[in-house]
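Kindly generate the complete structure, drawing on both the sequences and the hints.
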Amino acid sequence: GNSVTQMEGPVTLSEEAFLTINCTYTATGYPSLFWYVQYPGEGLQLLLKATKADDKGSNKGFEATYRKETTSFHLEKGSVQVSDSAVYFCALQRSQGAQKLVFGQGTRLTINP
Amino acid sequence: GAGVSQSPSNKVTEKGKDVELRCDPISGHTALYWYRQSLGQGLEFLIYFQGNSAPDKSGLPSDRFSAERTGGSVSTLTIQRTQQEDSAVYLCASSLVQGAEKLFFGSGTQLSVL
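Residue numbers (our numbering), protein chains in the order written: chain A, 139 to 251; chain B, 2 to 115.
Treat each hint with caution, since some may be false.
Claimed, not checked - Selected chain B positions facing chain A (Cβ under 7 Å, derived; list incomplete):
#, residue
1, 40
2, 42
3, 43
4, 46
5, 49
6, 103
7, 108
Quick caveat, the hints were computed from the structure, so don't treat them as lab data. All C-beta atoms, glycine included, are put in the ideal place defined by N, C-alpha and C.
In structure tokens:
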């Protein structure tokens, strides 16, 4: 079946540190991949996405590259800020137009000033 | 409203009681989803509504769970005879079109079954 595995948290970093949150997936066919973010007190919102192999999604300084050979979609940011503190969820969509997303368990990120 | 609205934000109930959770999607969004987030777990898909089509109920964990969507807008998730393992955050999401490319989530209902 389709599944997503994220690195376990929580992750705590200092401001301006480099961030990587690992995500690997298991899926048949050619899924689309997503990162969602949940800021404190808010609902999940789409951060970035990639729909085919070697695509790079980017937003707000975050990037993730769809690596089919390693079935990964790691989230990276070169210099994190306190405002990036949130829970990050990796997700896949089995195929474009598929009805639901399969989510990982989430990784809580805390950035200290 | 501007976003997906869920109510109540918190619900504490006793084991065996029924609960109803409400979701108001973004106006005009035809697709509506319910997910559940248990402690330490990922988001678990429960049910999906799309327009007037029959809902996809494949994620409902037992027949104690049901959901309806009236008039293609507001949705209610009902849990009958609640159990302690039902304790979780119940999230509702909507999207403008069929397919899950971009979901807009509510802040969720924290359900605690004592």
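Hint check results:
1. 40: 10 Å, violated
2. 42: 6 Å, holds
3. 43: OK, holds: residue 43/B within 7 Å of chain A, min 4 Å.
4. 46: 5 Å, holds
5. 49: With a minimum Cβ separation of about 5 Å from chain A (threshold 7 Å), the hint on residue 49/B holds.
6. 103: Nearest chain A Cβ about 5 Å off; hint holds.
7. 108: 5 Å, holds
Consistency note: the structure conflicts with earlier hint 1 alone.
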